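J.: Given chain W's structure and the hints, the job is docking chain L onto it.
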Amino acid sequence: MSEDFVRIEGVSKAFGSGAPALDQISAAIKGGEITGLVGPDGAGKTTLIRLMTGLLLPDSGTLTVLGFDTRREAARIQAAIGYMPQRFGLYEDLSVQENLDLYADLRGLPQAERAAVFDELLSFTDLKRFTQRLAGKLSGGMKQKLGLACALLKKPRLLLLDEPGVGVDPISRRELWKMVKDLTSEGIGVVWSTAYLDEAEACTSVLLLNQGKLLFTGPPAELTQRVDGRVFKVTGIEGRRRPLLASLLDRPGVLDGVIQGEAIRIVTDAGASQDVLREGEGTKVIPAPPRFEDAFVDLLGGGPGGRSKLAEATQTQTDADTHVIEARGLTKRFGDFTAAQDITFDIKRGEIFGLLGPNGAGKSTTFKMLCGLLKPTAGEGRVAGFDLRRDTAEARNRLGYMAQKFSLYGDLSVAQNLDFFAGVYGLKGQHKRDKIKLVTDIFDFARYANQSAKDLPLGHKQRLALACAVMHEPEALFLDEPTSGVDPITRREFWTHINGLVEKGVTILVTTHFMDEAEYCDRISLIFRGKSIALGSPDELKGRVASPTNPDPTMEDAFIALVEGSEKEAA
Amino acid sequence: MSGSLRRLTALVRKETYQILRDPSSILIAFVLPLILLFLFGYGVSLDATRTRLGVAVEEMTPLTQDLAASFQASRYFEVKLGRDRRDFEGALVVGEVRGIVVIPQTFASDFTAHTHPQIQVIVDGTDPNTASFVQNYVQGVVATWMKQRASETQAEPPGINVEQRFWFNPELTSRNFLVPGSIAIVMTLIGTLLTALVVAREWERGTMEAMMATPVTAAELLAGKILPYFILAMTSMTLCVLVAVFLFGVPFRGSLLALYAISAAFLLPALGQGLLISAATRNQFLASQLALLSAFLPAFLLSGFLFEIGSMPTIIQWISAIVPARYLIPSLQTVFLAGDIWPLLLRNIAIMLLAGVVFLGLAGRSTRKRLA
Numbered sequence: 001m002s003e004d005f006v007r008i009e010g011v012s013k014a015f016g017s018g019a020p021a022l023d024q025i026s027a028a029i030k031g032g033e034i035t036g037l038v039g040p041d042g043a044g045k046t047t048l049i050r051l052m053t054g055l056l057l058p059d060s061g062t063l064t065v066l067g068f069d070t071r072r073e074a075a076r077i078q079a080a081i082g083y084m085p086q087r088f089g090l091y092e093d094l095s096v097q098e099n100l101d102l103y104a105d106l107r108g109l110p111q112a113e114r115a116a117v118f119d120e121l122l123s124f125t126d127l128k129r130f131t132q133r134l135a136g137k138l139s140g141g142m143k144q145k146l147g148l149a150c151a152l153l154k155k156p157r158l159l160l161l162d163e164p165g166v167g168v169d170p171i172s173r174r175e176l177w178k179m180v181k182d183l184t185s186e187g188i189g190v191v192w193s194t195a196y197l198d199e200a201e202a203c204t205s206v207l208l209l210n211q212g213k214l215l216f217t218g219p220p221a222e223l224t225q226r227v228d229g230r231v232f233k234v235t236g237i238e239g240r241r242r243p244l245l246a247s248l249l250d251r252p253g254v255l256d257g258v259i260q261g262e263a264i265r266i267v268t269d270a271g272a273s274q275d276v277l278r279e280g281e282g283t284k285v286i287p288a289p290p291r292f293e294d295a296f297v298d299l300l301g302g303g304p305g306g307r308s309k310l311a312e313a314t315q316t317q318t319d320a321d322t323h324v325i326e327a328r329g330l331t332k333r334f335g336d337f338t339a340a341q342d343i344t345f346d347i348k349r350g351e352i353f354g355l356l357g358p359n360g361a362g363k364s365t366t367f368k369m370l371c372g373l374l375k376p377t378a379g380e381g382r383v384a385g386f387d388l389r390r391d392t393a394e395a396r397n398r399l400g401y402m403a404q405k406f407s408l409y410g411d412l413s414v415a416q417n418l419d420f421f422a423g424v425y426g427l428k429g430q431h432k433r434d435k436i437k438l439v440t441d442i443f444d445f446a447r448y449a450n451q452s453a454k455d456l457p458l459g460h461k462q463r464l465a466l467a468c469a470v471m472h473e474p475e476a477l478f479l480d481e482p483t484s485g486v487d488p489i490t491r492r493e494f495w496t497h498i499n500g501l502v503e504k505g506v507t508i509l510v511t512t513h514f515m516d517e518a519e520y521c522d523r524i525s526l527i528f529r530g531k532s533i534a535l536g537s538p539d540e541l542k543g544r545v546a547s548p549t550n551p552d553p554t555m556e557d558a559f560i561a562l563v564e565g566s567e568k569e570a571a
Numbered sequence: 572m573s574g575s576l577r578r579l580t581a582l583v584r585k586e587t588y589q590i591l592r593d594p595s596s597i598l599i600a601f602v603l604p605l606i607l608l609f610l611f612g613y614g615v616s617l618d619a620t621r622t623r624l625g626v627a628v629e630e631m632t633p634l635t636q637d638l639a640a641s642f643q644a645s646r647y648f649e650v651k652l653g654r655d656r657r658d659f660e661g662a663l664v665v666g667e668v669r670g671i672v673v674i675p676q677t678f679a680s681d682f683t684a685h686t687h688p689q690i691q692v693i694v695d696g697t698d699p700n701t702a703s704f705v706q707n708y709v710q711g712v713v714a715t716w717m718k719q720r721a722s723e724t725q726a727e728p729p730g731i732n733v734e735q736r737f738w739f740n741p742e743l744t745s746r747n748f749l750v751p752g753s754i755a756i757v758m759t760l761i762g763t764l765l766t767a768l769v770v771a772r773e774w775e776r777g778t779m780e781a782m783m784a785t786p787v788t789a790a791e792l793l794a795g796k797i798l799p800y801f802i803l804a805m806t807s808m809t810l811c812v813l814v815a816v817f818l819f820g821v822p823f824r825g826s827l828l829a830l831y832a833i834s835a836a837f838l839l840p841a842l843g844q845g846l847l848i849s850a851a852t853r854n855q856f857l858a859s860q861l862a863l864l865s866a867f868l869p870a871f872l873l874s875g876f877l878f879e880i881g882s883m884p885t886i887i888q889w890i891s892a893i894v895p896a897r898y899l900i901p902s903l904q905t906v907f908l909a910g911d912i913w914p915l916l917l918r919n920i921a922i923m924l925l926a927g928v929v930f931l932g933l934a935g936r937s938t939r940k941r942l943a
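For the record, the sequence lines run as chains W and L. Each residue of the first sequence is one higher than the one before, starting from 1 at the first, in the numbering used here. Each residue of the second sequence is one higher than the one before, starting from 572 at the first, in the numbering used here.
Chain W on its own, in the form it takes in the complex (with noise of 0.2 Å):
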């Protein structure tokens, strides 16, 4: 289309002495389109875009940006880029329009030019009414829009966003994406890092990144394309599809499963029939069209099995068809702000329930509410039984939580967080010996028995905090955005694990603002502005919001419309 406005020629990367953050890169990206930086967090991808703007110098290798070395002319390329860093690098106590004028000042843009300017971009943003407004006081999705405005000021021949989508509502991230495709007809280069695999997809190239190397480059579809004609939905399942779904998993030929609303989504090897599929009479194999993730899973060498030690060391709970979890009219303010507003939803034994909303929608309130961590200003919370208010102690004992970013004690090795953690939970003697050493052998701890919990790679810690929370085998598992940032490989070796303590009837409530992820659970609630404004089976609300024009519509379409829905019920 043009010529290259970055060139990546041979870079690496390390910060102290462990794996390098960035090796050996070599790439190029082009004006006039959206560059996806893509890959899970750790893969390199803020360093790749802070070594763009010459904020970091490369080990070895060089990059060129607009034709400047970023070694020797980094002022020049900083006068001819906007650059918008996660947290989009705004005054919180300054106002809209000061901190609009503070980034025309620093950029330089010329006084005859500013009115024009600031009134095409308030427009374009749709801030007009704004300006006035501490940049602190705006929501998360109109910060990033004036982010993106001040990155823009002086327009930029390449502008670098880095997660610009993470934090924000689905349907903030929309406008984003449209407003950011716009620019890119007026020949601006722009890089978008994500580690949302559907993003990627809609990018025109890909850089592709994995622990700090280069998987793949080039337009998404040519990457999807090397899973063509092996993705498949095994739909019509009779009975419960999570058991199914770990004994497909280990046929050979198959590479990939995941649980997908009532259907299961199936990655077959190169060169294996889809015979391996044929189950019983009702269910049907039918060809899917591929997706970006299908195609980084192959390109990774497969999803792990679907057997889950954990699960099979775990006693069957019995007596199904109570509810494990009750939320009846939670509601909690802080001030005059409410965070969670008549929350009511039960969780059967064995039951995947998933919130999903944006940050700070108030899955977490409702969350915290409901394992005893906050105490809600109205409306009642239980599990197994137990009323979180009076009887806290013996409800928090039949729960397991893992809390957001996996807190573990950092300090503490990967086996004192263990034996503290059995500890807490009220575990003793030989039982509590006999529990720590069974994880242990599941996830292959004694390698890094000794290594600080905060050194671990993000994957390990994932699973050190899921071992933690489940050490005393609750009845309740509670779990806060629990494969945030992960690769996809570690998410779907956490989900087999979920998937085998459900048939064990473990029951599960989970929050994400992953849209894809809300498909893996029988029923999920739709938080936004801290109400629940729809509650049902992910192929339900789908159902819901499916039209001539979509008739399959995502999980993020169905969320938009719903949301648009209850906005226009509520004017």
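Worth flagging that the hints you see were computed from the coordinates, not collected in a lab. Among the hints, erroneous ones may be present.
Said to hold, decoys possible - In silico lysine to aspartate or glutamate, EDC-like type, Cα no more than 16 Å apart, as pairs:
id, chain 1, residue 1, chain 2, residue 2
1, L, Lys940, W, Glu73
2, L, Lys651, L, Glu667
3, W, Lys137, W, Glu73
4, W, Lys137, W, Glu186
5, W, Lys137, L, Asp593
6, W, Lys233, W, Glu279
Here the structure is a predicted model, which means the values were calculated and not measured.
T.: Chain L in isolation, oriented as in the chain W frame:
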């Protein structure tokens, strides 16, 4: 307007808005200084006026009663009389009295016999400051009394008559040197602590990264921090001086020129230290701890503010030589109590400017436009 000047103006304006809107800046720059000033103006006193003293008169004679009466008449002591030192031992232990004077049975007979009458002074050595005050003032009272007796009885001629004159602070009011000293503490708080905090905050919130990716230069970033906090510290200092002079009645014998010259010279190393700390830590908690340890505490303890540098161990004296506040506090005390003693002031200003160049140079070196 040239690009550089325009960017600097924008940074200064931004910082000013932030200072005005952030309650913690106002707290550190105006409320905390006033609290400190009131504390040192009213609360803390290093003077030995009205120290509680126990006087044990073992034998009541007109002579011993007369001596005891002169203790009671002293305005430095609040005297409790007793017959035995054991009456006061418990009180000394718990601190109800700061010292015990024992006038022994033998005192009257020794006095008339001219054979070195003795009295005993018992003080609490755990508080050396008060102990030495008590000791000195007791000696003073006794000496005065002896002289009076001598002149009344026309007995032996008095020995050398020592007459004390305290210049500049004739009432020896500690407030008069504590209040100017506390202004130095205030400027350390703003110059180093507040500056370190606000720069570290920019790192934490990611705004520093966004700034650096614009055409702004490292020098402009530094100047954009130095200027507003320089002005803030000068304003706060002015407020403190007004309170000191008009509320506490501390004399001001020097000139405003000298006052502003020494304050400005001090702010260079103070600001430089703050910027250096924040550039090295990039974290508000660490920055505040480091600023307290490396600037605030030395300004308190190693500057001659509370403790005489001359009486410190030699090594500590050397260390105190690199504490910028050490040069500010005597300068401030001079300007307030003595006047413009330019040789002393210029020497201190020169040292502070030199320290300023060193700190700002280091801060400048560590604030390159790089993230790591």
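J.: Now tell me if each hint is right for this structure.
T.: Here's how the hints hold up against the structure:
Using a Cα cut-off of 16 Å, the hinted pair lysine 940 of chain L and glutamate 73 of chain W holds, with the two alpha carbons roughly 12 Å apart. This hinted pair checks out: lysine 651 of chain L and glutamate 667 of chain L have alpha carbons roughly 10 Å apart, not beyond 16 Å. Distance hint between lysine 137 of chain W and glutamate 73 of chain W is unfulfilled; the C-alpha atoms sit about 37 Å from each other, more than 16 Å. Between lysine 137 of chain W and glutamate 186 of chain W the alpha-carbon distance is near 32 Å, which puts this suggested pair outside the 16 Å criterion.
Only pairs whose Cα atoms come within 16 Å are accepted, and lysine 137 of chain W paired with aspartate 593 of chain L is accepted, the gap being roughly 15 Å. About 13 Å separates the Cα atoms of lysine 233 of chain W and glutamate 279 of chain W, which keeps this hinted pair within 16 Å; it holds.
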